[in-house]
Amino acid sequence: NAGVTQTPKFQVLKTGQSMTLQCAQDMNHEYMSWYRQDPGMGLRLIHYSVGAGITDQGEVPNGYNVSRSTTEDFPLRLLSAAPSQTSVYFCASSYRTAYNEQFFGPGTRLTVL
Amino acid sequence: GESVGLHLPTLSVQEGDNSIINCAYSNSASDYFIWYKQESGKGPQFIIDIRSNMDKRQGQRVTVLLNKTVKHLSLQIAATQPGDSAVYFCAERAQGGSEKLVFGKGTKLTVNP
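Those sequence lines, one after another, are chains Y and F. Heads up: the first sequence is residues 114 to 226, going by this note's numbering. Heads up: the second sequence is residues 54 to 166, going by this note's numbering.
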């Protein structure tokens, strides 16, 4: 099993550009989530999904969209990048719920100029 | 609102000593708590969890203690090793029944040989 994979590892964007951060898991997990990690801020939940076709907002959803068309994939879309979105983004998955152990991907480091 | 914080941002211990990492939470309705370890450049890794109907839970070399009276959580690492050097985060499940996790800001543990 590859676990949770994220692409790309690094990305530089200009303000106003859009892009999609990819996340995939091969563990047949129902719960998937996206977090951002900023220095001194810990991890903050952006969006999460409890199964294919179901998504919900986390703590800091503004400026991000998600969809969950398959169990395996949970892409995060930045519609119009802003410097405030410069961060490290982590995708995670768990068997059923946030109660279960979450497995994190290696992260994507995003810089918005 | 809910918040999860840590008493100390850094902790330095000698190899072989026991380490104690503390965490305070503010939401008395939180019913699930988790500790994660994050090594430099990697995604967080699950260590141990505890539900609010328990006071103590033990794993391999780690123990989590939950004091609901003072809303305090601690992670004890026995015989700390250099490989334990990392940032440790506590997290709580936000409000009963929610699928959201709220993370604290983290404590950096340094193990000196």
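If you are wondering where the hints come from, they were derived from the structure by calculation, not from laboratory data. Any given hint could be a false lead.
[Stated by the list, open to error] Not the full set, but computed from the structure, chain F residues with beta-carbon under 10 Å of chain Y:
no., residue
1, Tyr89
2, Ala132
3, Pro166
[Claimed, not checked] Rough simulated footprint, nothing fancy, chain F against chain Y, three-plus residues with beta-carbon under 8 Å:
no., region
4, 123 to 130
5, 164 to 177
6, 183 to 191
7, 199 to 212
This structure is a prediction, so every number in the text was calculated from the model and none was measured. For each residue, glycine too, the CB sits at the ideal point set by N, CA and C.
Taking the hints in turn, this is what the structure says about them:
A distance limit of 10 Å between C-beta atoms decides the matter here; for Tyr89 of chain F the minimum to chain Y is near 8 Å, and the interface restraint holds. Below 10 Å, beta-carbon pairs count as interface contacts, and Ala132 of chain F has none with chain Y, the closest being about 24 Å; its hint is therefore violated. Interface hint at Pro166 of chain F: violated, since its Cβ lies 27 Å from the closest Cβ of chain Y, which is beyond the 10 Å cut-off. A count of 0 residues in the region 123 to 130 of chain Y with a Cβ less than 8 Å from any Cβ of chain F is obtained; the coverage claim is therefore unmet, three being the minimum.
For a cut-off of 8 Å, the count of residues in the region 164 to 177 of chain Y with a CB near a CB of chain F stands at 3, and the three-residue condition holds. Note: the region 183 to 191 of chain Y has 0 residues with beta-carbon separation from chain F under 8 Å; the three-residue rule is not met and the coverage is violated. Figure legend: the region 199 to 212 of chain Y, annotated as covered by chain F; annotation consistent (5 residues with Cβ-Cβ distances under 8 Å, at least 3 required).
Hints 2, 3, 4 and 6, counting from the list given before, are not met by this structure.
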